[in-house]
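Student: Please construct the entire structure, taking both the sequences and the accompanying hints into account.
Which chain is which? The protein sequence lines are F and V, in order. Here full-length UniProt numbering is used: position 35 in the first sequence is 35, and no number is missing along the way. Here full-length UniProt numbering is used: position 491 in the second sequence is 491, and no number is missing along the way.
You may find that some hints are simply not true.
What the hints assert, rightly or not - According to the in silico footprint, chain F covers these stretches of chain V (three or more CB under 8 Å from chain F):
{"no.": "1", "stretch": "117-127"}
{"no.": "2", "stretch": "140-150"}
{"no.": "3", "stretch": "176-183"}
{"no.": "4", "stretch": "224-235"}
Note that these hints are calculated values from the structure, not bench results. Cβ coordinates follow ideal geometry from the N, Cα and C atoms, glycine included.
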Amino acid sequence: MIDIPITHVFMISALLFCVGFIGVLARRNTLFMLMSLEVMLNAVGLAFVGAGSLWQEADGQIMFILILTLAAAEVAIGLALLIRMQHQRHNVDVDGLSQLRG
Amino acid sequence: MKLAQFIAIAPELILSLAIVMQLLLIALKRSQHGIAFFTMSAILLALFAHYPAMTQVNSAVTPLIYVDVFSLTLKVLILSCTLVAVWVSYGYLRSAVEFHDEYYVLLLLAVLGANILVLANHFAAVFLGFELLSLSLVGMIGYLHLRQHTLEAGFKYLILSATASSIMLLGMAFVYGATGELSLAYQVPGQQNLRLLGQAGLVLIMVGFSFKLSLVPFHTWTPDVYQGAPMPVTLLLATVSKAAMFAILVKFWLVSAIFNNETLQVLLLSIAIASMLLGNLLALTQKNIKRLLAYSSIAHMGYLIIVLAIQSQQSVAWALKSGVFYILVYILATLILMIYLAGRSKAHGVHDQDDWRDWQGMIWRRPAHGACLILALLSLAGIPLTAGFIGKFYLFTVAIENQLWGAIAALIIGSGIGLYYYLSIIFCILAKPPVTQCQTVAVSGGSFTISHTTVMAMLTVIIIALGVFPDILASQLMFQSEQIPIIFNEAALKSEW
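Tutor: Structure (structure tokens):
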């Protein structure tokens with residue numbers, strides 16, 4: 001089996017993270033923003049697992065499990081807000097949420 | 001685990017148990033008064049549990065948690081703020097037709113998160129506390145579903161705080177990759193070829209915390225969320241969340257050896273200076289008191305993080321003392337203002353009573369309230385004879401001791417700008433009352449009771465007492481180096497890595 005250099009793992013996770021981050025910034029549909037958040041969190045998970053394998057420890061994988069739990073909780077709250085937005089405004093476009101300013 | 005370790009984390013155990021009991025209580029009988037009373041007694045019990053916990057200072061409970069004097073002090077502060085928040089929420093929510101039991105569950109969850117964050121000594125604990133705090137806060141910000149603005153505020157907070165925490169997590173992963181250690185106390189700069197990775201990680205972690213402390217340039221969410229959130233939740237955001245984030249930032253800075261490097265110091269100082277100036281400048285034009293407090297909190301957090309930019313081992317104890325004193329003073333003044341605002345607003349109102357121009361002439365109609373608010377504002381502005389002045393003075397000495405001339409200049413300029421908007425509110429309170437006899441809701445309505453006045457007066461007395469005799473508290477706040485697992489050292493700071 002060929003060893004994958006650790007720098008490659010970190011590079012791909014940084015790349016994935018950027019994809020998610022750009023998604024959060026650029027998407028107007030809140031559902032897609034939540035999905036982009038998931039991509040970011042999974043990129044972090046990849047980095048943790050990679051770092052864990054570098055140091056030959058299980059800690060990285062445990063952190064990944066915690067991150068998965070967080071992702072689930074976050075999406076649950078996000079979807080609850082999304083449903084309320086759908087009820088109130090009949091669309092889920094984030095541009096509608098710009099009344100607070102001053 | 002030994003009994004001693006259970007005693008050390010007894011407050012957190014009580015809080016966790018109380019959360020489960022709350023859920024059972026809600027299942028048995030839905031009652032607004034019952035759950036508020038239960039929550040308050042649970043928090044009081046947790047506060048008292050700090051007495052036995054004091055005997056277990058400087059002990060590690062599993063690798064995740066380390067109990068020391070600094071974290072115990074901040075936990076007491078956080079729990080006291082929560083007590084006030086629960087009582088204020090009770091008055092605020094009582095007027096509504098619906099039952100608001102779940103609100104108190106979220107509140108205790110947020111406080112549990114804040115406590116874990118303060119105690120954390122490990123990335124996993126930091127992560128758990130951080131997320132427990134922010135996710136429950138999202139729930140509370142968006143809690144009043146009939147109001148229009150809460151949805152926007154909740155969604156903004158959710159998306160931005162989730163982004164910030166994933167950035168922070170990525171930073172943690174990078175640091176873990178570079179050092180091979182998740183525990184704060186053992187992190188030392190690792191191999192040469194991974195140092196760049198570690199440094200990138202530190203900057204990313206710093207970004208995550210700057211977001212939570214609403215420091216420039218990650219501050220844009222603060223005014224919107226403060227304005228949109230129900231008033232008691234704004235109170236929590238401004239006190240509990242800020243104190244917990246400050247505590248963990250201090251721990252990162254002083255406990256973890258890799259954080260002592262000059263690049264990060266420069267980054268921290270520039271963030272601090274930018275926050276002081278921009279926060280105060282943006283506050284100038286605000287007519288909404290919640291937004292104004294949000295901008296002023298940006299500036300105050302900028303002042304506060306000066307204490308982290310220390311250069312020598314000798315100044316650690318003094319810097320910690322100044323930091324804790326300053327955040328306490330800031331919280332006291334903010335509490336007075338927010339208790340008043342929350343007392344005047346109702347959960348079923350369209351929005352909170354948050355335009356400070358309605359306060360015109362309050363001193364003539366309600367002298368007690370007017371005087372309390374004026375003193376709180378003077379303390380925020382840092383006028384002598386109030387605690388705010390002493391707090392700023394302490395920060396000033398820290399900055400001089402460590403020769404942070406840029407920060408000193410920004411502190412002075414920022415306070416000067418701040419004086420303008422604090423004084424314009426004070427002048428408004430002192431002005432002639434409006435001619436019409438009918439008073440606006442902002443001065444007379446809401447769930448305001450005599451107990452609100454009493455608590456405001458008590459807090460004001462504390463502010464004055466601390467301003468005149470700061471030593472009654474300051475002499476108690478002794479953070480000797482041996483009481484905290486500090487491995488801050490000058491050699492590490494000077495060595496480039």
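Student: Determine for every hint whether it applies to the structure shown.
Tutor: Cross-check of the supplied hints:
1. 117-127: holds (count 3)
2. 140-150: holds (count 4)
3. 176-183: Per the Cβ count (4), the hint holds.
4. 224-235: holds (count 3)
Checked against the numbered hints above, the structure breaks none of them.
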